[in-house]
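Colleague: These protein sequence lines are chains A and B, in that order.
Using our numbering, you'd call the opening residue of the first sequence number -8 and step up by one each time.
Using our numbering, you'd call the opening residue of the second sequence number 123 and step up by one each time.
What the hints contain is simulated information worked out from the structure, not anything from laboratory work.
Every residue, glycine too, gets a C-beta built ideally from N, C-alpha and C.
Incorrect hints may have been included.
[To be verified] Label pairs and their in silico Cβ distance ranges:
id: 1; chain 1: A; residue 1: 147; chain 2: B; residue 2: 197; range: 32 to 38 angstroms
id: 2; chain 1: B; residue 1: 129; chain 2: A; residue 2: 47; range: 38 to 44 angstroms
id: 3; chain 1: B; residue 1: 181; chain 2: A; residue 2: 42; range: 31 to 37 angstroms
id: 4; chain 1: B; residue 1: 210; chain 2: A; residue 2: 253; range: 35 to 41 angstroms
id: 5; chain 1: B; residue 1: 145; chain 2: A; residue 2: 160; range: 56 to 62 angstroms
id: 6; chain 1: B; residue 1: 145; chain 2: A; residue 2: 28; range: 46 to 52 angstroms
id: 7; chain 1: B; residue 1: 142; chain 2: A; residue 2: 262; range: 21 to 27 angstroms
id: 8; chain 1: A; residue 1: 30; chain 2: B; residue 2: 129; range: 27 to 33 angstroms
id: 9; chain 1: B; residue 1: 200; chain 2: A; residue 2: 90; range: 50 to 56 angstroms
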Amino acid sequence: MTEPAEEKTRSLAARRLPLAEPATQLARLHELRLPREFHDALGAAGLWPLRAERAQIFQINVGKLCNQTCRHCHVDAGPDRREVMTRETMELCLEALAKTSIPTVDITGGAPELNPDFRWLVEQCRKLGRHVIDRCNLTILETPSHRDLPEFFAANQVEVICSLPHYARLSTDRQRGDGVYDKSIRALRRLNDVGYGEGELRLVLVTNPVGAFLPGEQAALEREWKRELERRHGVRFDALYCITNMPISRYLEWLESSDNLEGYMDELVRAFNPGAAAEVMCRSTISVGWDGTLFDCDFNQMLDMPVAGEAPRHVRDFDLEALEARSIAVDRHCFGCTAGAGSSCGGTTS
Amino acid sequence: MSHYYDHEDLAKFGEIGENAPELAEKFFEWYGAVFADGALTAREKSLIALAVAHAIQCPYCIDSYSKDCLRKGADMDQMTEAVHVAAALRGGASLVHGIQMRNRAGKLSM
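Next comes chain A alone, as it looks inside the complex (with noise of 0.2 angstroms):
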């Protein structure tokens, strides 16, 4: 039976379905069957177990509360979502940060800036000397109380890195909802206005696919968006970054209910690239969850697969040499970082 349309505007949770829990999400990829398992794979490539790395990026979701409701979204965030990360909760992290010389710190959520402590986070963390990312979905910054947002950024020297599925209308807004577009394009002539994608301060779009297809070849893309919205909009940026839709949460929905799953998970386990699978992220990630666990990544986290073995599960416990001693907790959906030239939050890594 096909959902109304305005069903599909509200989280999984809020519809109260099955598949909001993370082991509905990983039964479901469970009961496929795959050419060969991720394990295996890496055993293979000569990975297994696959062993973190030096830490270069402390994560943090500082929570699921969205002003979208993306139908790709990995978080099944949404404006019906409440988990958001404390005072407290940051403040922990901020304890641990300031015992490591992690470089970079990688805001995320929902949409991060929605966190009332957001900037006082950045802030922090700009103290502390590291580098701050904020992953931007672009329409909160034509909010009202949120307009100010990227005079902010400049002031505090944020890597700001948005969400924008293709350079032109249909596709974008086909994913992410009727007027994202032209709030997207609103906003980056404003980051552009006070700075942002001419050098000094740093400006990266993202695009996942807007279906079941892997995306293209980066450095083609990037070429073409640049020259695209320029030419369009006379927007500039500093770089693409394409990124896999990973096969869970709501975007797994959709994979079910267009049929394929099947066929797009195939496709990665067929894609698997033993030089991306020994690139990805996790192996230098820490992820923080809202409210202070500890992950490998962000996916894992919305499978609430914490981090394995010896290593602290929260944040308050924080122990940078045990938790770059870990393996990295995988299963199937793991597929989705290994695949063709890569995937990670920094684009593809092969």
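Chain A is already provided as a structure; the job is to place chain B on it using the hints.
Modeller: Leaving out everything else, chain B in the frame of chain A:
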């Protein structure tokens, strides 16, 4: 086998190399080089391939290049126009043979 075309056969294309492997290796190396960025972009080549796929009516090629065009950032407007190019060529090729028909009929007629 109850039918000639099977979706799953596309993924088995590489098996053609189990016999005459040297020829298959040459073919796939050349094939990959053909579709790399060159004087034409990889996306332009993919759109040409999509049009040819429709002209030769190969269902494997239509599946492959529909997805490949999307991956390379082509949109439905561009892909539909590419198919119209194939259709126009096929239709035009039939129609232009009407001149041969006219020539022949003209010669035979009083």
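Colleague: Give a verdict on every hint.
Modeller: A quick look at each hint next to the structure:
1. Here the CB-CB span from residue 147 (chain A) to residue 197 (chain B) is close to 37 angstroms, well matched to the stated 32 to 38 angstroms.
2. Distance hint check: the CB atoms of residue 129 (chain B) and residue 47 (chain A) are about 42 angstroms apart, consistent with the given range 38 to 44 angstroms.
3. Between residue 181 (chain B) and residue 42 (chain A), the C-beta spacing of about 45 angstroms breaks the proposed range 31 to 37 angstroms.
4. Between residue 210 (chain B) and residue 253 (chain A) the CB atoms are about 36 angstroms apart, so this pair conforms to the stated range of 35 to 41 angstroms.
5. Checked against the hint of 56 to 62 angstroms, the C-beta distance between residue 145 (chain B) and residue 160 (chain A) comes to roughly 47 angstroms, which is inconsistent with it.
6. Hint check: residue 145 (chain B) to residue 28 (chain A), Cβ distance near 34 angstroms, so the stated range 46 to 52 angstroms is violated.
7. Checked against the hint of 21 to 27 angstroms, the pair residue 142 (chain B) and residue 262 (chain A) passes, with Cβ atoms roughly 26 angstroms apart.
8. Taken as a hint, the range 27 to 33 angstroms holds for the pair residue 30 (chain A) and residue 129 (chain B), whose Cβ atoms sit roughly 29 angstroms apart.
9. For residue 200 (chain B) and residue 90 (chain A), the hinted distance range of 50 to 56 angstroms is satisfied, since their beta carbons lie about 53 angstroms from each other.
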